[in-house]
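Undergrad: One letter stands for each residue in the lines below.
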Amino acid sequence: MTTINQDKNQDNNQENHMQHNDSLLRFMTCGSVDDGKSTLIGRLLFDSKTILADTMTNISNTSKKRGMEAVDLSLLTDGLQAEREQGITIDVAYRYFSTGTRKYIIADAPGHEQYTRNMVTAASTANLAIILIDARRGVLTQTRRHSYLAHLVGIPHIVVAVNKMDLVDYSQETYDKICADYMQFAKEIGLAGARDIRFIPMSALNGDMLVDRLENMPWYQGETLLEMLEKAPAAHTEQSEQFRFPVQFVCRPHASADADLHDFRGFMGRVESGEVTVGDAVTVLPNGYQSKVKAIQIGDEQLQNATTEQSITLLLEDEIDTSRGDMIVKSNETIEPVKQIEAFVCWLGETPLSPARTYILRHTTRESKAKIGAIHYKVDVNTLEEQQTSDLKMNDIARLSFKLAQPLMIDSYKTNRATGAFIVIDESTNSTVGAGMIV
Amino acid sequence: MTKKTLSHLDWLEAEAIHILREVAGQCSNPVLLFSGGKDSLCIVRLAEKAFRPGRFPFPLMHIDTGHNYQEVVEFRDRRVAEIGERLIVRSLEDSMERGTIVLKHPDEPRNKHQSVTLLEAIEEFGFDCCIGGARRDEEKARAKERIMSFRDEFGQWDPKNQRPELWNLYNARSHKGENIRAFPISNWTEMDVWQYIEREKLELPSIYFAHDRDVILRNGDIIPANVKLASGEVINKPRDGEEIVSKQVRFRTVGDITCTAPVYSDADTTEKIVIETATTTITERGATRLDDQTSDASMELRKKEGYF
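Protein chains in written order, with the working numbering: chain A, 21 to 459; chain B, 486 to 793.
Simulated from the structure, these hints should not be mistaken for lab results.
None of the values given here were measured: they were computed from a predicted structure.
We put the beta carbon where it would ideally sit given N, CA and C, even for glycine.
Please note that a few of the clues may not be correct.
[Claimed, not checked] In silico negatives: residues of chain A with every beta carbon more than 10 Å from chain B:
id	residue
1	Leu44
2	His132
3	Thr145
4	Cys199
5	Asp201
6	Pro273
7	Phe284
8	Gln324
9	Thr327
10	Glu356
11	Thr384
12	Ile395
13	Thr403
[Stated by the list, open to error] Below, in silico cross-link-like pairs of lysine to any residue (SDA-like), each with a Cα-Cα straight-line distance of 20 Å or less:
id	chain 1	residue 1	chain 2	residue 2
14	B	Lys488	A	Ala214
15	B	Lys489	A	Pro253
16	B	Lys645	A	His132
17	B	Lys629	A	His132
18	B	Lys489	A	Thr297
In isolation and in its complexed conformation, chain B is listed as follows:
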C-alpha cells in the first residue's frame, strides 16, 4: 500500500506556513514585505493560515518607489484594512530628499534603489528578519538562495557565506545589525502561485487581468503610456515620433512602473491565466522586467548590494 501524501499545493502551503512560524519563533522583530503584488498576497493568505485567530506576529511593510500603479496601492490599502494588520510605508522619495538615493536622471528605473530605503527602514525599526515573496524559479541567481538568507550589516548577500540548510531545520539567528531574509515561497513556481490564487480564490489588483491599455511599443518592449501617479504626475510619456496604441494586456509582475512591462493577453480570469501560464513560452522576468535584461548576471549583482 502506498502511503497517502499531500497534493503539491498542500505540501507547498504546509512548508510555507512552517517557515513563517519558524520566523515568528526564532526572530524577535520580523517584518513582512508587502507590495500588494500577487506573491505577497499569497504570503498574506499563508500568514492567515499560520497565525489566525491570533494577529500576525509582525507588521507589514511596503517600500514604495513612488512609481506604483494607483490600482495596486489602493488594493494594498484595502487588503491591509480587511486583515486588520499594521502597514508601514517607507518611500524612496524620502530617501531621495535625505540625499541617500541620487538618481542619475529623473527617469532612471527605481527598482534597484529600493534596497537603500529598505536598509534605512530595517535600521529605523530594528528589524532582524524581512519576509519576502522571492522564488527560486524567478531567476538563475536565485536557484541557490536559502530559505533563510543571511545578510551582513550592510545588507549584503555573500553567496559564499550562506548557511547550509538541512532538513527543515532553519537557522535564523543573527547578531545585532545583521539581518535574515526569509522566503516562505522559495519552492513555488509562477504556476504554483497562480494555482494557489485560483484555489484560494484570492483577489488581486485589476491590472493582473487582461485590460485595454494605452502603450508605446519601444525596442520590442510594451511600455505603458502616460501613467498617472498618485501624486498627479504623469510618467512614461511618448518620446518624439512615438505613437500611442491601445492593446489588450495584463501584468505578470507588478513593480515599479518604469521597469515593469505588461504582456499581450486576453486572460481576464485567474483560470485563464493558469492556462496561459501553462502554455507560455517566455519566463516571467524575461517578459516583464526591463531591468533584468542588461546582463545575464544582473540580478546577482543587485542582490550582493542588498536588493531583495
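Extracted from the complex, chain A is given alone in its bound form:
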C-alpha cells in the first residue's frame, strides 16, 4: 500500500487537523413554497457564484417556457421531475456552496404540515436553521411548527428571516412587531434562552440583506444573512462533551504476510463526541472491560489525540474482545447500559406504528429489538398541545417508552445529540419508520 503522509511530524499533523479556518457549516431552511424559501436558496447560490452558466441557461429557458418575465431562481432548487410537474418540493434536497472561507451544506426541506418528517430529517444534521416569515403575514402557525421542530431536534442557532420586506415598503415598524411577536412565542416554548436566536429583515427576491446589504433598509445595522452564516460556530455545541466512541468495525489483519500485524487489533469508528488522547484510561461498554489508549490512527498517520467527528482507529493496551456495537468511553465518564428508554419519536413510516409489534432500534452502531412500553401522549405540532393517543401516524410526534432486548449505552438527546438519537426500523420492509430523541 502507498504511505499516507508518513513523513510528517506530530506537530504538523495536529495543525493539519485542527487549525484550518476553512470550516464547514450545515444549515437548513424552513418555510413553505410561498415564503420564498427556494428563492432564498437560489439567491445564495447565485450571489455566491455557485450557479454556472449552463444551469442558468437551463432555468432561464424553463422560466420562459412557463411564461415568466424574469428568471425564476427558485427553479434552481426544484429537483425531481415529478415535483417539478406538481410545482412543489416533496423531499429533503441538499445544496452546496462555498465562500472561500467556509463550505456550506444546505438541507432544503418543505414546510407543509404533512412534511414534518422531512423537517425533522433535515434538522437532524443541521447546526443552524433559517426560519422564514412572510413580512405581510407575520408569525403563523407554521412558524410555530418550524420553531418547535428546530428546538426539538436541538438546532443550536436560529435565524428568523423576515422575508418579502419589499412588499411592506421595507417598514421597520412591521419588522419590529414581527420580531416582538416571535420572541413572545419563543419564550413560551422555551426556545428563547436555550438557543441563539437572531433576526434579519430581507428580500430574497431583490437580494436585500442576503449577500449584499443594498440600500432599502438603512435602519437595519445588523449583519447580513451571509455574515451570520460565516460567523456561526461550526461545532454543534460549545459545551464540552464526554468522549463517546461507538465501534463500527474491528480490524484484525492476522492473516497478513506482515508478522508485525499478527497481533494488530484496531477499533474503528467515529468520535461522536468529546475527545481522546493517547494514554487515556477507557472502558469498553457494555461489558465494562478497562484498558488504556495505546495509539490513535487515521490510515498510516499517528495522532496524539482525536476530537469530535474524526474517523479514527483506536488501539488499546490490552487484548480485549470487542465488536461492532460496543462503545468505548473514558473510564471516569462511563455510562450504565439500559434496557428501557423514554423518547420523543417522530413517526416517518407510511404505515402507522403498531404498539403490538416488535421493531428494531438502531442506536449508534448498535441494534436492538424493541417493544413499545407505552405511548404517553402525542404533541400537536401546531398548538403544541399534548393529546392522549393510542396510535401514531406519519408525521406525528409522541413521547414513547420502549423495552429493549439488548442494552444500549445512551445519553439524553439534550446532552448528546449522537448518543441520544436513534432510528426505528420496520423489520419486514427494512424501512426507516421512526426518528427518536431520548429524554
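Using the hints provided, position chain B relative to the given structure of chain A.
TA: Quick look at chain B alone, frame taken from chain A:
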C-alpha cells in the same frame, strides 16, 4: 471560546470513512465500483484510510463499456496492483454477446447500458451493496439522493420509496435480491474532489491534465478524434466534411469515450486544475457529458432504470 472543529476537507474525509465502515459493518457482501476515474480514486484513498492495515472488506469492480481510454484502463490496473486488492471486470461486450444489451446502432453511446451489465454482475456475485462515487452536486436529480440509496430487485430507484436518513444513522438493510447503493462522497463538490486530490497528492490518469489531442468540433462539442481502443478498433472517426484539429484539452470526467468530451484547458497540474475549477463557468456534466443534455430530466429517467 469557540470549539475547535475540523477543516472542511477533514470533515468530508471523516464522514466518507464513517460511511465506508458502516457499509462494511452492515452489509454482508459489498463491492466498490472502480473505474480509475478521479472520484473512484478518491474513494480508494478513503478506503485505505478506513481499513488499513487490514485489507478492504470488499472487492473492486469495473463495469467496462469497452470504450475506455487506454490510459485510464492501464492506470486502473496499475493502481489495483499497488493497493493489492482484487478487481473484478465485467464488460458490456459480454452482455451484448449474451443478447441482454442490444445497441440501436454501433455508435450508440454505451453509458446508459452499463446498468444492465451492473445488474448482471450484482446477481452473479450476490452483492448486497455497491459503493460508488456519485455526488449530489453533479446533477439536479441527485440532490435528493440518499447516502444509502435503496434499489429493488430490478435495480430500480424509486424516488418516492427512499428511506429517510437522520443524523449519521444509516440503514443499509436489504432483503435478498435487493440492493443498496452507497455514496460516501455524496456531500463533496467537484472542487472538494480536486482539493482532496491535491492534498493527498493522488495520482490520476494522464488525460485529466491538459494535453494536445486531435479533436473534431461538432455542433459546439469537442469530440476526441480517432481514438484507438485496447481491442485495436478505432472509434470517433471524422464524418464526411469534418476536419481534425489539434487542441489543448483535458477531461473533467472520464467515462465512455463516445459520451465524454474534453474541455479546452492549459491546466497541466492538480494545482492549476483547482484554480481552473474555482473560476469555471460551466458545470462538470454540462461541459463534458454528451448524454445528459437530451432533457432536463434525463439523469432522473436513467436512474429509475438502475443507472448508477
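Undergrad: Regarding the assertion that Glu356 of chain A does not contact chain B, is the least Cβ-Cβ distance greater than 10 Å?
TA: holds, 22 Å
Undergrad: Taking the minimum C-beta separation from Pro273 of chain A to chain B, is that value above 10 Å?
TA: violated, 4 Å
Undergrad: Minimum Cβ separation between Thr384 of chain A and chain B greater than 10 Å?
TA: Given that some Cβ of chain B is not farther than 10 Å from that of Thr384 of chain A, nearest at about 8 Å, it is violated.
Undergrad: Does Asp201 of chain A really sit off the interface, with its C-beta more than 10 Å from all C-beta atoms of chain B?
TA: holds, 31 Å
Undergrad: Checking a non-interface call: every C-beta of chain B should be farther than 10 Å from the C-beta of His132 of chain A. Is that right?
TA: holds, 16 Å
Undergrad: Against chain B, does Thr145 of chain A keep a CB gap of more than 10 Å to every residue?
TA: violated, 7 Å
Undergrad: Mind verifying the non-interface call on Leu44 of chain A? Its CB should be farther than 10 Å from each CB in chain B.
TA: Nearest chain B Cβ is 4 Å from Leu44 of chain A, so the label is violated.
Undergrad: Check whether the Cα positions of Lys488 of chain B and Ala214 of chain A lie no farther apart than 20 Å.
TA: The hint holds at about 18 Å.
Undergrad: Hey, does Ile395 of chain A actually stay past 10 Å from chain B on C-beta?
TA: holds, 21 Å
Undergrad: Confirm or reject: Thr327 of chain A is not an interface residue toward chain B, with every Cβ-Cβ distance exceeding 10 Å.
TA: violated, 6 Å
Undergrad: Please check whether the beta-carbon of Gln324 of chain A is more than 10 Å away from every beta-carbon in chain B.
TA: holds, 14 Å
Undergrad: Compare the distance between the alpha carbons of Lys629 of chain B and His132 of chain A with 20 Å, and conclude whether the hinted pair is satisfied.
TA: Distance of about 18 Å is within 20 Å: holds.
When held up to the earlier numbered hints, the structure conflicts with 1, 3, 6, 7, 9 and 11 and fits the remainder.
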